Amino acid sequence: MTLLQIRDLNVTYRGSRGAVPAVRGVDLTLEAGGTLGIAGESGCGKSTLAMAVLRLLPANASVTGEILLGGEDVLTMGWGRLRAVRWVGASIVFQGAMHSLNAVQRIGPQIAEPILVHGKAAKAAAHRRAAELLELVGLPASRARNYPHELSGGQRQRVMIAMALACDPELIIADEATTALDVMVQAQVLELITGLVAERGVGLVMISHDLSVLSATCDRTAVMYAGRVVEIGAARELFTGARHPYSAALGSAFPVIGDAASRRRPGGLAGDPPDPAELPPGCSFRPRCPVAAPECAAAEPELLALPGAGERHSACFVAQAGGPIAVQRQGSPS
Amino acid sequence: MSAPTRPVSPRAVARARRRRAAARAWRDYRGQRSGMVGLVVLGAIVLLALAAPLLVDESALSVTQATGGRLEPPSAEFWLGTDESGRSVLALTLWGTRLSLVIGLTATVAAILIGTVVGVTSGHIGGWYGWVALRVSDWFMVLPSLVVAIALLAVLGRSAATTVAVIAVVSWSGTARLVRAQTLTVQSRPYLERARALGAGHWHQMTRHLLPNVLPLVLASATLLVPSAILMESSLAWLGLGDPNVVSWGSILNRASDNGAVSARAWWYLLPPGAAILVVVAAFMMCGRALEAVFNPRLRGEAP
Amino acid sequence: MSLLLVLFSSFFIFRLIAGDPIDQLTRERPVTPEQRAAMRAELGLDQPMWNQFLDYITGTLTGDLGTSLQFRQPIAELVAERLPATLLLSGTGVVLAVLLGFWVGTRAGWKQGGRFDRSQVATGLLLYSAPTFWLGMIAILVFARYLGLFPVNGMRSPSTPDEFLPQALDIGHHLVLPVLTYTAVVYAGYLMVMRSSILDELGADYLTTARAKGLRDAEVRRRHAVPNALLPTITMVFLAIGNIVNGAIITETVFSWPGLGSLFVSSIFYPDRPMLQALFVLFSGSTILAVLCAEILYWFIDPRIRKS
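Chains as they are written, first to last, in this note's numbering: chain A, -12 to 321; chain B, 20 to 323; chain C, 21 to 328.
In case anyone wonders, no lab produced these hints; they're calculated from the structure.
These numbers were taken from a predicted model, which means no experiment stands behind them.
Any given hint might turn out to be false.
Taking lysine to aspartate or glutamate and the EDC-like style, the derived pairs with C-alpha atoms no more than 20 Å apart in a straight line are [to be verified]:
no. : chain 1 : residue 1 : chain 2 : residue 2
1   : C       : 131       : C       : 239
2   : A       : 107       : C       : 239
3   : A       : 107       : A       : 157
4   : A       : 110       : A       : 59
5   : A       : 110       : C       : 239
6   : C       : 131       : C       : 225
Facing chain C, a subset of chain B residues (Cβ under 7 Å, in silico) [claimed, not checked]:
no. : residue
7   : 161
8   : 162
9   : 163
10  : 165
11  : 170
12  : 173
13  : 250
14  : 253
15  : 257
16  : 284
17  : 296
18  : 297
19  : 300
20  : 301
21  : 304
Backbone N, C-alpha and C fix where the C-beta goes; we use that ideal spot for every residue, glycine too.
Using the sequences and the accompanying hints, generate a full structural model.
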């Protein structure tokens, strides 16, 4: 059965400046045990998407569409059902654990809390389970007595993972879970996540701005820009051979360790993502696009399957017409 | 970006920027209902205070020229009844507006002056002086204000001037702390470093750079200082420590309680002066909170 | 060190500014220069200022606060006599004000801008704006004079039998109006402080985590937001202890409550300078002590400070 199905999701924030669309017509699916990465810069709507899955958006966000978690629509659930589904159906590993954890409460009770809230166990059993979870993520059980500020960044992130596993969810959403960490720690935490996910057959949605990380940890990757999915396909292939100019830029923005050439000629893209309240007409990427064609100013491209490219979908007129989507650089690897 | 069509001096640019900022601040302020209500009420009260001599002759305050009976309830002649000497309570309350406002405002201005000077110098000069100034202002802030005020007045004697001085003495420390904190923040900003590099002396730095940045904050805190000054003046006057020769709301209530207004159930004597204090203080507080919210959007319920 | 400053300032105010005490003592009666000299010697006023100051400090620290001119008793005795009454009134008032203020402030700030928030903030504003003594007088007028529900002033009625229970009930009966007045004015401050602390926590990430875990809104508020908001609130409450003393002085005077506050006020007009001086030191000193306690307390309860 499809674990997660997002259909035509639109999220608009109502603010003092009027309506700001953060997510515009997104469709995504994830099978049980599958792994999906969502990539994009800040402000592209990926975090909003993650929060929407458990209806954690602030009151000024208006949400339309469907989010089917295990067949039930999260957006139309009653409050009681929603509270029951939270953390049990799907849980989230937030980034920046220093602020995502309660600073004046010890680690143990924070991990045990969802277990107790959902009535999965009595107090003593819940704390035992919390200790087990700590060991599962590679921390000594004695850490349960510590406060968040007594742990290092990497340790705190492991705590977040332990906490996310507390109620044995079907789906885990990792929202920039490793972004704030040092590279070495990042690698360890990623390994931990992917290991646990594979072991337990849990679904994983991993959100990051680093395409290379996603290519190593997920089966498929979706790239978001200005609230829409602009490319989606098998993660590894998408990273090495993007079929949307934005994905190509995103992928080359990070120098590859060990590849001297990429460090000497960094990729990346000039300019900033568009202001969601004032999107340009036509394709929202056009102002920054190196291969923009005349038709790109007329209408926003749909996310269409590319002929002969397997499961790859791209929302780019140029790619759909079969043209090159990146300007070739001298001496660049692919 | 187009080139300017005529040379624009830096000062004119700064002025234009400040005018825009002020306009924006006013717009933000206007959006808050409580702030506007407070402003309107204050305006009305100030008008009443200024118009008092026109509305009621000053002779109404004189004990010897009083025409009413003792502690008479409201009637057609005396809308708010009379006090123990036969004077019109309405007249007394109206005249009391002037002094209560004047003392409140003067004391606040004095407190702000002291506080700003201490705050800016302690933040800017720092070092030994700064440390001492901080300790002193902290110390003043903690002390119970009424106790200090009473002690000083008991020793210095009663007059409008000593009342103002005493209130200023107990009130300046809050401002000093705020101003010092803001000075320290502004000090670390790059343009101040540049000014120093360009040879700006201490005085120039303090008046041209620090002061303008500190003033909006000072204004907001001043609006909240006035009500506490008015409350303090009324408490001191009620205790009998105010100037015996003038009429303020506190002194009216002092005379009321001394002359048994409570046991005589003379509610017309007791209600108006106190209600007047309540209205003025509440109005100032509404304006003050609205001002605070202008500078700190979080308080308005919006994200900054 | 601050305590030393208190003593110094008290000395400064009452001796140096206020002038020669002998003049005050001999106000009513004509005295000869020899008698004046004798009085000076007796009171130790012929010694240099430094000595007088040192004597004063040692005296205060050993409990000798001087003699009241009004009552002709050692001040320390008078203080001990009237301290319980003040503690009863202020203590009850503060506890009530804190509990109510925190309860309302939390709920008001949590749903910022909602109906409860707006109405409670407005009520608090009105109560804060009313002068304490005026509220007291109105309370007496309405509840004591018109409705006759409560006694007009004082702490006890002389006609009560001298056993524990009737006495306690009588004191309680007398306590109602003063405490109501006292609480009404002080409560608003605590409400605003707690509300502001909760507002500071409102957008925090750990609250989102709590909600994501499936907690009810009230549980999120109670278990996560409030403990974090309490920490800065408690310090601020202690720092505002000056208000407590001010309120006590006024309330006791309005209701003729036989505590230290009304003693202070009655000493003004006598004028009983030694009493004023002693009480000044007492009030200021205890305020400073309270702030010190607050710092220690905060050090204990904030895990971040304790362990770091």
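- prompt: Among all the numbered hints in the text so far, which are the ones the structure does not match?
  reply: Per hint list: single violation, 4.
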